[in-house]
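Please model the entire structure based on the sequences and the hints provided.
First to last, the sequence lines map onto chains D and R.
When the letters of the first sequence are read in order and numbered with our numbering, they come out as residues 1 to 366.
When the letters of the second sequence are read in order and numbered with our numbering, they come out as residues 1 to 509.
It should be emphasised that the hints constitute simulated quantities derived from the structure, not laboratory data.
One should not assume that every hint holds.
A few chain R positions that, by computed beta-carbon distances, are all more than 12 Å from chain D [claimed, not checked]:
id : residue
1  : Pro74
2  : Val127
3  : Glu229
4  : Leu281
5  : Arg333
6  : Ser350
7  : Asn358
8  : Arg378
9  : Asp393
10 : Ala402
Here are the computed distance ranges between Cβ atoms for each label pair [as the list claims (entries may be wrong)]:
id : chain 1 : residue 1 : chain 2 : residue 2 : range
11 : R       : Glu118    : D       : Leu12     : 50 to 58 Å
12 : R       : Ser144    : D       : Val121    : 51 to 59 Å
13 : R       : Asp423    : D       : Phe206    : 33 to 41 Å
14 : R       : Lys75     : D       : Thr33     : 38 to 46 Å
15 : D       : Leu295    : R       : Phe113    : 51 to 59 Å
16 : D       : Phe206    : R       : Ser144    : 30 to 38 Å
17 : R       : Gly241    : D       : Arg287    : 37 to 45 Å
18 : D       : Leu12     : R       : Ser379    : 22 to 30 Å
19 : R       : Ser144    : D       : Gln212    : 54 to 62 Å
20 : R       : Glu352    : D       : Leu295    : 17 to 25 Å
21 : R       : Glu118    : D       : Thr33     : 53 to 61 Å
Derived lysine-lysine pairs resembling DSS-like cross-links, with alpha carbons at most 25 Å apart [said to hold, decoys possible]:
id : chain 1 : residue 1 : chain 2 : residue 2
22 : D       : Lys42     : D       : Lys177
23 : D       : Lys221    : R       : Lys371
24 : R       : Lys367    : D       : Lys221
25 : R       : Lys218    : R       : Lys251
The beta-carbon is built from N, C-alpha and C at its ideal position, and this holds for glycine as well.
Residue strings, one per chain:
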Amino acid sequence: MSERMQQRLRYLAFLVISILLAFGIGAIVLAVTDHEPLAAYKAMFQGAFSAPRHIGDVLEYAMVLALCGLACDLGSRVGIFNVGGEGQLLLGAIVACQVGVWLKGSPTWLVMVLAALAAIVVGGVYAFIPGVLKVKVKVNEVITTIMLNTVAALLCSYLVKGPWQSSSKYVTAGTEKLNAQYWFGGLIKGSKLSTAIFAAAVIAFFIWYVMQRTSRGYEMKLIGQNPRFARFSGLRNDTVVILCMTISGAICGLVGMFRVYGAEHIFKSGISNDYYFEGLMVAMIARYQPLTTILLSLFFAALKIGAEGMQASAGVSNHIYLIIQTIIIFFMAAESGIFTAIENRRMQKAARRAALARREGGTDNE
Amino acid sequence: MSEPVVEFRHISMQFPGVLANDDISLTVNKGEVFALVGENGAGKSTLMNLLYGIYTPTGGEIYIRGRRVERYNPKYAIDQGVGMVHQHFMLVPSFTAAQNIVMRKEPKKLGLFYDNAEAIRQTRALVEEYGLEVDPTEKVADLSVGLQQRVEILKALYRGADILILDEPTAVLTPQETDELFAVLRRIVAEKQMTVILITHKLGEVMAISDRVGVMRKGRLVNVKNTSEVDQRQIASMMVGRPVLYEALEKTGTPGELRIEVAHLRCLDERGLPAVRDLSLSVRSGEVLGIAAVEGNGQSELIEAIAGMQHIESGSVKICGKDVTNRSPAEIRAAGLAHVPEDRLATGLSAEASVGENLLTGRQREKRFRKAFDFLDRSSVARYAGELYERFDIRGAGVDAAAGDMSGGNMQKVVIAREFNFDTPVLIIAQPTRGVDVGAIEFIHSRIIEKRNAGCAILLCSADLDEVFRLSDRIVTIYEGRVTGEFVTDQVTREEVGYYMTGAREVAQ
Ligand SMILES: Nc1ncnc2c1ncn2[C@@H]1O[C@H](COP(=O)(O)OP(=O)(O)OP(=O)(O)O)[C@@H](O)[C@H]1O
Ligand SMILES: [Mg+2]
Chain D
1 MSERMQQRLR
11 YLAFLVISIL
21 LAFGIGAIVL
31 AVTDHEPLAA
41 YKAMFQGAFS
51 APRHIGDVLE
61 YAMVLALCGL
71 ACDLGSRVGI
81 FNVGGEGQLL
91 LGAIVACQVG
101 VWLKGSPTWL
111 VMVLAALAAI
121 VVGGVYAFIP
131 GVLKVKVKVN
141 EVITTIMLNT
151 VAALLCSYLV
161 KGPWQSSSKY
171 VTAGTEKLNA
181 QYWFGGLIKG
191 SKLSTAIFAA
201 AVIAFFIWYV
211 MQRTSRGYEM
221 KLIGQNPRFA
231 RFSGLRNDTV
241 VILCMTISGA
251 ICGLVGMFRV
261 YGAEHIFKSG
271 ISNDYYFEGL
281 MVAMIARYQP
291 LTTILLSLFF
301 AALKIGAEGM
311 QASAGVSNHI
321 YLIIQTIIIF
331 FMAAESGIFT
341 AIENRRMQKA
351 ARRAALARRE
361 GGTDNE
Chain R
1 MSEPVVEFRH
11 ISMQFPGVLA
21 NDDISLTVNK
31 GEVFALVGEN
41 GAGKSTLMNL
51 LYGIYTPTGG
61 EIYIRGRRVE
71 RYNPKYAIDQ
81 GVGMVHQHFM
91 LVPSFTAAQN
101 IVMRKEPKKL
111 GLFYDNAEAI
121 RQTRALVEEY
131 GLEVDPTEKV
141 ADLSVGLQQR
151 VEILKALYRG
161 ADILILDEPT
171 AVLTPQETDE
181 LFAVLRRIVA
191 EKQMTVILIT
201 HKLGEVMAIS
211 DRVGVMRKGR
221 LVNVKNTSEV
231 DQRQIASMMV
241 GRPVLYEALE
251 KTGTPGELRI
261 EVAHLRCLDE
271 RGLPAVRDLS
281 LSVRSGEVLG
291 IAAVEGNGQS
301 ELIEAIAGMQ
311 HIESGSVKIC
321 GKDVTNRSPA
331 EIRAAGLAHV
341 PEDRLATGLS
351 AEASVGENLL
361 TGRQREKRFR
371 KAFDFLDRSS
381 VARYAGELYE
391 RFDIRGAGVD
401 AAAGDMSGGN
411 MQKVVIAREF
421 NFDTPVLIIA
431 QPTRGVDVGA
441 IEFIHSRIIE
451 KRNAGCAILL
461 CSADLDEVFR
471 LSDRIVTIYE
481 GRVTGEFVTD
491 QVTREEVGYY
501 MTGAREVAQ
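As structure tokens, this is what we get:
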């Protein structure tokens with residue numbers, strides 16, 4: 001138990017150092033490009049927190065990151081890497097949106113439930129395919145999901161310029177706008193935050209609970225750690241892997257529906273700018289731990305929204321966000337190498353002290 | 001003759017929660033075979049890993065040829081002439097023997113390009129010099145375990161080792177291979193004045209080959225003796241700190257109904273070649289059927305096929321009357337089977353998971369561990385695991401430590417504890433005491449017989465013929481995937497079984 005606690009503290013220390021270093025390097029980059037680093041960071045902070053509507057946008061984006069990150073956690077726990085969330089999200093979004101367009105005039109609850117179901121099914125099926133291919137035919141899921149992302153993006157762009165295109169002349173590539181009666185209610189005026197976040201919170205809690213607290217979550221972990229042992233001990237690995245992958249896709253599809261019904265109210269290209277990949281980065285930095293994924297999503301959402309605010313107010317390109325994020329990932333990846341070496345040395349010193357103390361105390365080794 | 005080459009001075013090694021080596025002082029002399037024995041988890045591998053520079057001791061110093069070791073890393077140790085063959089080999093399977101042997105010190109053409117012809121030539125020279133027969137051009141993946149071990153030894157010799165550490169080298173060898181290995185060791189010690197440190201649990205081997213023996217117990221070196229002055233019984237009692245009683249195993253009851261029925265089984269091995277050919281056998285409740293076979297004659301595939309870990313080409317397997325041919329391990333376990341696999345690290349455990357989780361596995365859906373909403377109750381899991389940990393005398397840093405950090409023999413006890421505690425009508429046990437200390441062997445053997453007497457049907461497969469004879473009611477010999485003979489244990493000799501194992505004789509079926 002204490003060893004596990006130590007590991008957690010170490011991770012935390014590491015994360016904080018990485019973040020500080022990343023901001024430090026970011027400051028140098030800013031200085032070199034003729035910006036005042038402190039002013040820029042101040043603008044960034046204000047961009048995220050200075051007004052309720054900014055905080056609302058942070059929360060909305062954190063919701064997207066967290067759900068995408070958790071979807072990724074779910075796959076990686078059983079040893080399958082879902083890189084196809086972007087495609088699942090896009091298809092979920094466009095189908096959910098179109099359901100709302102088709103059913104215009106139907107009761108609100110019916111449309112929203114059907115739209116959510118459609119998004120879940122489409123996202124799920126779109127992940128089920130690479131899942132089955134991996135388990136049954138041993139095709140690498142990373143390759144298939146990346147390819148499926150491209151297919152999904154092309155399909156969406158065809159649909160919004162073709163059969164599902166809006167009749168409005170102001171929309172060149174997008175679906176019909178959703179009737180306002182079907183929207184998730186807004187929570188903060190001027191921000192994209194909607195009541196969808198409550199649904200997201202319930203889902204996030206549920207995923208965390210299943211992964212960390214249940215016997216099924218325990219079985220998932222075993223499959224990820226040593227599939228041969230898991231099978232040997234009577235688990236149905238194939239089914240579990242396919243199921244986790246499908247649920248992962250379903251969540252991504254649902255995120256698409258939340259984006260449409262909560263924030264954008266239309267399907268257009270801005271529905272996701274590689275949001276899934278950003279969620280995946282967060283999951284990686286969080287080492288695929290659900291709670292950490294959720295917390296880090298809040299941090300990175302603030303960073304991103306802040307960077308956008310900074311761009312608007314201080315005229316600093318929001319690419320600084322990318323720089324900072326990349327540096328954090330870099331340091332966190334290096335951690336396993338460099339820092340374990342330092343850590344080992346530290347541990348050995350401590351152990352030597354402990355051994356000496358023991359010897360002087362003269363206790364016996366029983 | 002007693003010129004010290006290795007000196008441990010007050011060496012201690014503290015792992016989180018475990019003091020693996022406690023103030024050990026020991027001198028090993030040039031040109032001797034030094035045997036290191038002790039119970040599982042006594043700290044033998046750790047002490048040798050320190051000498052090889054894998055860990056840095058938390059206290060004390062090591063001297064090699066009178067020079068203090070300054071840095072603890074394997075490269076430094078290798079430069080000082082230390083070579084080590086680990087319990088789990090560290091070879092690249094897709095490379096040839098020669099490539100593995102010269103790795104990290106490759107002969108170069110023009111000082112730049114890897115020179116394969118030269119590597120083969122040098123390997124041949126080594127093979128000649130030490131009499132360790134290996135084909136340098138063969139891929140390591142295609143070599144038997146015994147030959148892979150030779151490659152490991154040659155690798156150490158190629159790097160100029162004259163202090164050779166062997167960690168349980170014979171655990172994976174057939175008796176024949178063990179004899180060959182010992183012949184080589186005797187020769188290199190006599191002719192090259194090399195020093196060999198040998199870790200083993202087989203006290204017969206200690207007597208056969210060592211000059212001196214060091215006994216470790218709970219992290220301490222409790223005794224060092226000249227081998228000629230002690231006998232096996234004395235060593236055993238030094239190891240455990242009390243006299244070891246070799247109690248006769250009392251077998252009671254008579255065999256009942258058929259529990260394992262294997263009929264005309266055929267399986268392929270990993271390379272797609274026939275491994276099991278038209279093999280039939282059966283085991284009844286209340287009896288132990290032992291399989292006697294030389295490594296690689298299809299017995300591993302047979303066992304895995306019964307347990308659902310290996311595809312069956314044709315034929316059938318029944319457990320407790322239920323046809324389970326090509327069913328999943330889940331279904332076969334449900335039909336009443338528990339299984340101690342031959343390879344504990346790859347199949348029997350999750351090294352990353354804790355000891356407690358490993359003990360729980362298979363029972364995680366039981367009511368007593370599962371509350372409402374599928375909640376896994378960690379406290380009842382800890383209680384259950386702690387109880388098993390005590391009952392099977394597992395030694396390590398407790399149930400929360402990672403299973404992969406345990407000593408080899410204790411990992412085995414974790415697997416045995418979990419599988420035996422399922423209380424199934426059928427048990428398949430492969431290599432139950434591989435790498436397990438004498439005391440624990442006694443313990444495991446009595447548990448097996450206890451199961452048998454309680455009416456369990458047991459299929460046992462072991463490379464240790466003594467073990468097969470001691471535990472089995474009946475013995476079948478397998479050669480090239482076929483049953484060559486079937487015997488009642490009391491009515492056959494070891495020699496006779498040996499003939500049938502090597503295919504020299506066969507009973508027409
Ligand atoms: N890397 C490690 N981290 C933590 N504990 C360890 C580590 N390696 C060994 N230990 C602990 O140190 C003790 C001694 O282990 P060691 O492997 O030296 O035993 P051993 O005498 O070789 O036993 P065996 O005969 O079973 O191989 C054990 O309790 C083990 O759990
Ligand atoms: Mg060991």
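Do the hints match the structure? See the list:
1. Pro74: holds (15 Å)
2. Val127: Check passes; 35 Å lies beyond 12 Å.
3. Glu229: Answer for Glu229(R): holds, closest chain D Cβ roughly 27 Å.
4. Leu281: Its Cβ never comes within 12 Å of chain D, the nearest being 22 Å, so this holds.
5. Arg333: violated (5 Å)
6. Ser350: violated (4 Å)
7. Asn358: Nearest chain D Cβ is 9 Å from Asn358(R), so the label is violated.
8. Arg378: Non-interface label fails for Arg378(R): nearest chain D Cβ at 9 Å, not farther than 12 Å.
9. Asp393: holds (15 Å)
10. Ala402: violated (8 Å)
11. Glu118(R) <-> Leu12(D): 50 to 58 Å: holds (52 Å)
12. Ser144(R) <-> Val121(D): 51 to 59 Å: Cβ of Ser144(R) to Cβ of Val121(D): about 53 Å, so the range 51 to 59 Å holds.
13. Asp423(R) <-> Phe206(D): 33 to 41 Å: Once the Cβ atoms are compared, 36 Å apart, the range 33 to 41 Å for Phe206(D) and Asp423(R) holds.
14. Lys75(R) <-> Thr33(D): 38 to 46 Å: holds (45 Å)
15. Leu295(D) <-> Phe113(R): 51 to 59 Å: Roughly 52 Å apart at Cβ, these two residues keep to the hinted range, so it holds.
16. Phe206(D) <-> Ser144(R): 30 to 38 Å: Violated: the Cβ-Cβ distance is about 51 Å, outside 30 to 38 Å.
17. Gly241(R) <-> Arg287(D): 37 to 45 Å: For Arg287(D) against Gly241(R), whose Cβ atoms are near 44 Å apart, the range 37 to 45 Å holds.
18. Leu12(D) <-> Ser379(R): 22 to 30 Å: holds (26 Å)
19. Ser144(R) <-> Gln212(D): 54 to 62 Å: violated (44 Å)
20. Glu352(R) <-> Leu295(D): 17 to 25 Å: holds (24 Å)
21. Glu118(R) <-> Thr33(D): 53 to 61 Å: holds (56 Å)
22. Lys42(D) <-> Lys177(D): Distance of about 37 Å is beyond 25 Å: violated.
23. Lys221(D) <-> Lys371(R): The hint holds at about 19 Å.
24. Lys367(R) <-> Lys221(D): holds (20 Å)
25. Lys218(R) <-> Lys251(R): violated (33 Å)
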